[in-house]
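Asker: Model the placement of chains A, G and F on the given structure of chain C, informed by the hints.
For the protein sequence lines, the chains are C, A, G and F, in the order given. The first sequence: position 262 = 262 (our numbering), numbered continuously. The second sequence: position 246 = 246 (our numbering), numbered continuously. The third sequence: position 247 = 247 (our numbering), numbered continuously. The fourth sequence: position 235 = 235 (our numbering), numbered continuously.
Just so you know, not all the hints are guaranteed correct.
One copy or any two copies: either way a pair holds, since identical chains are not told apart in the list.
To be verified - Simulated crosslink set (BS3-like; lysine-lysine; CA at most 27 Å straight-line):
no.: 1; residue 1: K8; residue 2: K227
no.: 2; residue 1: K14; residue 2: K112
no.: 3; residue 1: K17; residue 2: K110
no.: 4; residue 1: K83; residue 2: K110
no.: 5; residue 1: K81; residue 2: K228
Just so you know, the hints here were simulated from the structure itself, not pulled from any lab data.
Number of protein chains: 4
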Amino acid sequence: MAAKPAIKNTTDAKHRKLTMKDIRAAAKRLSNWGRWGKNDEIGTLNLVSAQNIIEAAQLVRRGKVMSLGLNYDQYGPQGAKSKYPSLGRFNPIHCMLRTGTDAYSGVLDKRKIRGTDDLIIMPLQCGTQWDGLGHILYGDHMYNGFDCRTVTSAGAEKGGIENTKEKMVGRGVLLDVAKALGKRWLPDGFAITNAILDFTEKKQGVKVKRGDYLLVRTGHVERCLAKKSWDGYSGGDAPGLAFETLDWLHTKEVAAIVTDTWGVEVRPNETSEANQPWHWIAIPMMGLTVGEIFNLGELSKDCAADKRYEFLFVAPALPITGAVGSPVNPLAIK
Amino acid sequence: MAAKPAIKNTTDAKHRKLTMKDIRAAAKRLSNWGRWGKNDEIGTLNLVSAQNIIEAAQLVRRGKVMSLGLNYDQYGPQGAKSKYPSLGRFNPIHCMLRTGTDAYSGVLDKRKIRGTDDLIIMPLQCGTQWDGLGHILYGDHMYNGFDCRTVTSAGAEKGGIENTKEKMVGRGVLLDVAKALGKRWLPDGFAITNAILDFTEKKQGVKVKRGDYLLVRTGHVERCLAKKSWDGYSGGDAPGLAFETLDWLHTKEVAAIVTDTWGVEVRPNETSEANQPWHWIAIPMMGLTVGEIFNLGELSKDCAADKRYEFLFVAPALPITGAVGSPVNPLAIK
Amino acid sequence: MAAKPAIKNTTDAKHRKLTMKDIRAAAKRLSNWGRWGKNDEIGTLNLVSAQNIIEAAQLVRRGKVMSLGLNYDQYGPQGAKSKYPSLGRFNPIHCMLRTGTDAYSGVLDKRKIRGTDDLIIMPLQCGTQWDGLGHILYGDHMYNGFDCRTVTSAGAEKGGIENTKEKMVGRGVLLDVAKALGKRWLPDGFAITNAILDFTEKKQGVKVKRGDYLLVRTGHVERCLAKKSWDGYSGGDAPGLAFETLDWLHTKEVAAIVTDTWGVEVRPNETSEANQPWHWIAIPMMGLTVGEIFNLGELSKDCAADKRYEFLFVAPALPITGAVGSPVNPLAIK
Amino acid sequence: MAAKPAIKNTTDAKHRKLTMKDIRAAAKRLSNWGRWGKNDEIGTLNLVSAQNIIEAAQLVRRGKVMSLGLNYDQYGPQGAKSKYPSLGRFNPIHCMLRTGTDAYSGVLDKRKIRGTDDLIIMPLQCGTQWDGLGHILYGDHMYNGFDCRTVTSAGAEKGGIENTKEKMVGRGVLLDVAKALGKRWLPDGFAITNAILDFTEKKQGVKVKRGDYLLVRTGHVERCLAKKSWDGYSGGDAPGLAFETLDWLHTKEVAAIVTDTWGVEVRPNETSEANQPWHWIAIPMMGLTVGEIFNLGELSKDCAADKRYEFLFVAPALPITGAVGSPVNPLAIK
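Here chain C stands alone, though its shape is the one from the complex:
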């Protein structure tokens, strides 16, 4: 067993040395622009082969389905206290268009059927969610060099989430970092470095492979659920991936990366020159699909119990045309 890797916590200023120069170098080094053709709109999801899917299906041995999604309702992570400026996100608003009380009152009977209907108003990034490739821009461009002006008030002409509608299926791998480090959940500012990812792989006896959907657990969602408060979750300090993991993910050729945090990467960020520097590269330069606010608690327990950290992962985005994100009910099937 490997020795525990060094700890890096960005609440300590010495771990916040990243510069714009580093970001620009990474943008160049890790760019996938053109890799799958100049018209490609799905980025690293191209890495999932048919063979990957066939093999992933073979991982279903117990017939157990686990949802990695939070319910969408007024108890979601939006609206809590945060030191980050508001982004206009709010918890889902669910309205009824016809109700059982209408039925009981007899007012529906003219239709000769007693039916109910409902409606939702929700920011696409308000809960468990996929980011679309139009969600983050690098300078005046989005993934694959598309002009950022293709994302207008009318939606994203390029890289809309609907392009992924037949993707989001493959081998899921959980790297349960909190568990590997013997923690219930990681503290804010805790940077998950490449060494920690390597350590967790070894500890779990699993290898991340090309085309995998990689799920990294910090325990952040569970911490909030345990405290019955989302204060500080959205946009606040958080454990998360170090900037250097971009190279790790690039080398591993994962299809997508998912965490149980608001924004994947460690906060405070490793720099004050950019906000969410990891995002600057991951989405627009690498075309990496990113999932956030996943609830990995049940999966963590299940993997610890059966010692299997791989599973069939199916997490289809809603094909909302031109969307830069999507709510999702992600499933791990073992």
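Answerer: Below, chains A, G and F alone, put in the same frame as chain C:
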């Protein structure tokens, strides 16, 4: 090969003889109330066993993923002409909260990141969708005998779609009725009878089994797409299941039933005494999960090509607390 | 000058003696059902005569227009802390459909015009607002004896706010109770009794008359604005009208009553047997139009300066068909 | 009485000779940038003096209130056929948050009050409406030279409709052009020229003055209501103001201009080089407040009856912070 079954078309009045007495008898005969305990909120989804899921996963042989969902946008099936009174449904409204044009204009840079966000306003039954068990009531009750007054303006306290969040996985079977009958698509009023379902099973060489997700294709969505018009689709005349199929589905013990029509059952309905009589029984009495407005075109072609009408079906509802329906991006994986 | 009236504060339990019997007696005593015909849908707004309007217009002497409305935005009174169970209200959500940044980016030029558009999502009771007559029910009835089942998920068939579209014009009178009592604002639990209304009339030298729009100032909105916090405002303790004022208002025959509080009446309420007992009578029994969350600060200062507490009041509701409330930008014109 | 002026109909190509050069010249000639200070955000509304308001109030002689607004509901002008590309506008969506049927069903009684609530989702330009000064841009600027990038996805930082909250009161004048020309309603393409405005003034015996709210009636709304169809109304051909009226309005110094059409100006437009060329100048260059989709039918009849075409006009916009438009219930009081 079986002889083609008799055709029943409800545009002909002689095929509209169903009465309230028949409906009431079916309610009694087919009730699943209490079958899975008095607190059960998922009905026939209980029929899917872990073994079913394991076996379904074995059906993945080519690594091909097909989405059975329409995109959610202004080109959806709502808002077209219909002779049915409006239900307040409309196509999804997608709004941007921040855009690439904002980024280009420099107004986002104070955040030190160029990100976009969006929001959706949509009736949960406006496109490809799961009906929740609170969607249709029988008298003053919903499935399992719950009081219909549990579905208030605040949502469904019982049978909310969030209860299904770890379901909607299993063996999918396509009964391509239109194809079996040599049609590109079935005409309006065409009743899919038990004999036709049997015929299609035989013709395709597939057997519907306990716990299956059954997909029945009429070609209706494809007809609208070909005509570039949804006129008449929502609430208008349509091909669909005959009332008698309730018994067939009950006997077969399917987990869920899906069609490519607006409302599963044949229209004009087989009676004028009730609207959507099949729904009166399927949802509140049987607790049968129903999927509508699925696009089965690509799947039809694929199954015809490889002669395999079974596949892994994964179609997770969004766990919207208290919802009586959910949009869905359903996947057939072969 | 009259002596200051006795103070009644409902935070003291001895002032919370109202019973359901009192409420029922008031319902009978103060009912206006049938007073303006069995089909009437506007209640006390009928009390405004053409002559009242002509005379009110004569009050315009300085050409000064004051808005009594709060702006509609994310800084409104919803979403703050409250001990009252949530009613699903939230501050307005304003989304852009096309922007100046779109224009700057050149993406609108295909239309040969650079235009912007926007959209709002708002509870009709979230800010400065008129309650419609369908907003509060008494037993199974609404104003004028209409069945409460006429207010369905499809809206209010009776008493919808659109019926008032040519009303809400007349003589406005401000009773500045806080000012009359020498307070910047009244404390929570402070009950404005009939004696206090009489005292304020005398102190100001104004008489409330038939058909008046009566505005009663407690200073509550100003208190929140001064504290930069709406905590406790919506549904929390508040100064407000005592139950007995129903008789005073009935005798005076006011057309409408407006306050600067969340819910007009004193909180804690004068009883624990009903919530908002004054509302039980005012809206469904009297058909009294009620305005809430008005900002009376500027008007207070102006009236104190010119000693004139009467003015032309114009506060048209948006004629939203079937609505039980409406946002409003109410104007006092002097 | 003046002779009837010449008729100009833009469905005839010879009346579509306007060029970009003309538009640019008008922009220069008619600019009000800086006229009321470099920080001004309300433009021509500055022209209304206190004296104007006092005099307008004197016009109230019969105590009659007329609403010039259409109701906001599913029967509004959006969603009908149009040859103009969609702008994302739709008729208001009104949802109930609590209902009388909930009350009847007993589910609200735990609150000890039976109350209903509702919510609206509406484009601010979907019905009777004020355009804000941020609604139309000229090049990269909005009114008063503000950078168009001040209108972002977060709303209009400059010229938001909330700036008008104490305006929209003054003398209203109806120029009933259709009536003056002996028509029930004007045909599509009919250009209202300066000569026609002069003719109508003379015919009616009224003079438009500085600070007036000018209402010009074409009968278009009434035509649609009579035909029970809004087809062609939104963005289609229409009667309306000729481009030259910009000079007339500038000289007259009106505070605002209102019509009963979708877009004030004649359509087909007088040019194919720009869409809505009159708008290019009126809003961003002149800072002229524009009202659209007003219903002038009742007012027309009333003015014809009493021969008085002037009245007190009160039409307060909802102060939605950063909005580029507002629904309104405009009142004419005589």
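Asker: Let me make sure I understand: some of the numbered hints might not hold for this structure. Which ones are they, in numerical order?
Answerer: Going through the list in order, the structure violates no hint and respects every one.
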